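Engineer: The residues making up each chain are set out below.
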Amino acid sequence: MANLRHFALPDLGEGLTEGEILKWLVAPGDTVRLNQPIVEVETAKAAVEVPSPYAGVVTTLHHGVGETVDVGAPIITVDTEPDGAGAAPGVAVLEHDAPEETAVEPGLIGGPAPGGRTSVLVGYGPKSVTAKRRPRRAPSGVENVAAELPPPPARVSAAAVGERAAMVAGQVAVLAKPPVRKLARDAGVDLRSLVGSGPGGTITRADVTAAIGATATVGTVTASPTDALAYAPSPAPTVEMLPQVDPATREQRIPIKGVRKVMAQAMVGSAFSAPHVTIWATTDMTPTMEFLEHLKGRPEFAGVRVSPLLMAARALLVALRRHPMVNSSWDDDAQEIVVKDYVNLGIAAATPRGLVVPNIKDAGRLALPGLATALNALADTARAGRTSTEDMSRGTITITNVGFLGMDTGTPILNPGESAILCFGVVRPTPWVHQGSITVRQITQLALSFDHRHIDGQLGAGFLADIATLLADPAQFAVWG
Amino acid sequence: MPESASAGPLSFPPSPAVPSSVSTPGPELVQLLTPEGERVTHPDYDVHLGDGEYRDLYRDLVLVRRIDVEATALQRQGELGIWASLLGQEAAQVGSGRALQPGDFAFPTYREHGVAWCRGVDPLKLLGLFRGVSNGGWDPHEHNFNLYTIIIGSQTLHATGYAMGVQRDGAEDAVVAYFGDGASSQGDVNEAFIWASVFNAPVVFFCQNNQWAISEPLERQTRIPLYLRASGFGFPGVRVDGNDVLAVLAVTRAALRRAREGSGPTLIEAFTYRMGAHTTSDDPTRYRLQSDLEAWKLKDPLERMKAFLYKQQLADAAFFAEVEQAADELAARVRHGCLTMADPEPLAIFDAVYAEGSSLIDEEREQLAAYLAAFEPTAEGRSS
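Chains as they are written, first to last, in the numbering used here: chain F, 10 to 490; chain H, 48 to 431.
Don't take each hint at face value.
[As the list claims (entries may be wrong)] DSBU-like cross-link-like pairs, simulated, lysine-lysine; straight-line CA separation at most 35 Å:
hint	chain 1	residue 1	chain 2	residue 2
1	F	54	H	358
2	H	346	F	54
3	F	370	F	270
Quick caveat, the hints were computed from the structure, so don't treat them as lab data. All values derive from a computational prediction rather than experimental measurement.
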């Protein structure tokens, strides 16, 4: 098995945030030794040769000469076991994500400082060079939404653009302690939108908690990012990331390559080989939401996030036991349908580098606390950009959670090699007929796309109906579980 | 001034133009091994070593350089925050480090990786400091090697004070204070010279004149050769070829002997060259000429020792191959050790501040512990 290792641009000086590729000293296909100079990089402080941390064969150079690269972004991929059996996987899993463009606020280490400099720990930081930043060949901001779904809600984009605009205008930093900043970032709350109630206008934990509550009651997103699978949302298009438009044509041309290209091929392959059918079901999740509140207090779930997605995953696993044919793949070469006795449950994740679908191996054997822990770990790994090829291989069925994007549901495309994908929407307080009268209930929409070659409408409908039934009445788990 | 400079008894001799001797060594330079590896003699200094001791010096030079090269690479790969390379200064450090007796005490700057090696400090202790996982690095008393001092020149005062303590204990140990040409302009260093001189302290001031104080050349730091400054403070100074490990060993041994015998301090100016950057955050191509570097490459401390060993038939190809292999193994150990270093406990920063603790430190420790606990999600935070 090939072993692809990605080398991210390190901070070559003290507190540097980016560097420019001056010259590549190696090319794809070259064999490199440990510590062999691979690239010349110019930073705000020095032009230096960077030695390879890996020995192997160069597979990819991620940036061309003249491009400015953020510290932390991958610059080269080296296969450290080029002679190993098995071809290199098509999708390179990136160990390091590019840092969020707007992650650091003015005044913090690494953030903007007066005089156009970057704050560093000691002495003068390097000059920020935003103005001369070159266009990126691989725009990372606006491309990574699961399936064919719209971009992240405007709430996030507007906030991020506003934050950058405020920086440009040279406004003072938001005052908040680091733990509060972390809480806000995890919950997707823009600190700039809050009024601090602490001393000197400091934003407190209570302010952030209140803001999270307000968001929920407004009714856009009940399954908040921390509660649902909390992938870092795709960075919203910021000022820096807006396309470099050719003024003559008012168009921008972006080369199709890398993760985008591989993903596109997989999507096209899936869409045009497996005839997709998508069906919908709307269900009243109020009992499940109450059940979740009950679970949160139990010691088995201490320290793990307990979310509606957890119950959706569990419901899917139980429904699969009643409809095993859904957990299968179409082997066109062998002219066989492969029905699997194990469930490797994929969770589609939009990350800044692209769509990834890591899966939980043998999820059907996990009890509920184990499943919750596995979902947490999968989310944390994806958010940290450390999802491995192994994590993404051999999936058998997938859930795509569009609820955390505020979406009701969608028509997902099958993950290649699988036969069904469940789209789980936002849980929304909605007027609903309940026990003969109209009351406000926690309603969600489910959609299931499946491969109509071997899953007919009745099977797909029965499978989705089971999931809806389980989410509407957790007691049904005991009946079918 | 109305009077001309040449008139009257108050006149001073005209300041000389920048003297060439500041940055160009003359006959005063003590040398026992030429850049070509020829053994030469000096009327005042000599060493008599066994064949194995010559080979061991060469081995030290190679291993120390290899540690330095690996650490520089690790910084470039994002594994160290910063690194101060000793490239070119191996002989000055190994020669002086090997002159020390076990009871002697060394006070380094932040570049004395070669001296640390000679004092038995594991290279990984050095890397831990620059990786930011260690708050000091090592126990100074375990190796008689003080912690790296980042503040330029302050360790010369520490060394002088320590030497005065040695004097008061009646011990027969000596102390060596390392510093650079840039530090020679510091007040601390000049104060240390005065104190050491008037108290006749058993300290050797070992200046590695590597010609550059970051980007400032020596010509802008001094009007006279650095070793001559000692005479103004009342003790002897000597200029030695810092790329000649034998001469450095001989000169340092003599100075340490002098300190032990109660004859007071000595200033050694080891005339060498910083072949790399000041630190990994520096770009020397912006302020110095490649031709200077090329000239100094011909004076490389390792190459002349290797030539000497070959010419004197003190070592064969198998020996050099074995040293190379040992260097490779050491580099691999350093790399692996660096990559697998554990992060320190945040509260450990309070542990080595005061020997006997302090209520203020206790209070601050509790504050930090409470602050760190604030990152843990509360019941409220987890559900929101």
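Engineer: Given the hinted pair residue 54(F) and residue 358(H), is their alpha-carbon gap at most 35 Å?
Structural biologist: Roughly 44 Å between the alpha carbons, so the hint for residue 54(F) and residue 358(H) is violated.
Engineer: Would you check the hint for residue 370(F) and residue 270(F), treating anything up to 35 Å between C-alpha atoms as holding?
Structural biologist: holds (27 Å)
Engineer: Check the hint pairing residue 346(H) with residue 54(F) against an upper bound of 35 Å on the C-alpha distance.
Structural biologist: Judged against 35 Å, a Cα distance of about 29 Å means the pair holds.
In this structure, only the earlier hint numbered 1 is contradicted, and the remaining ones agree with it.
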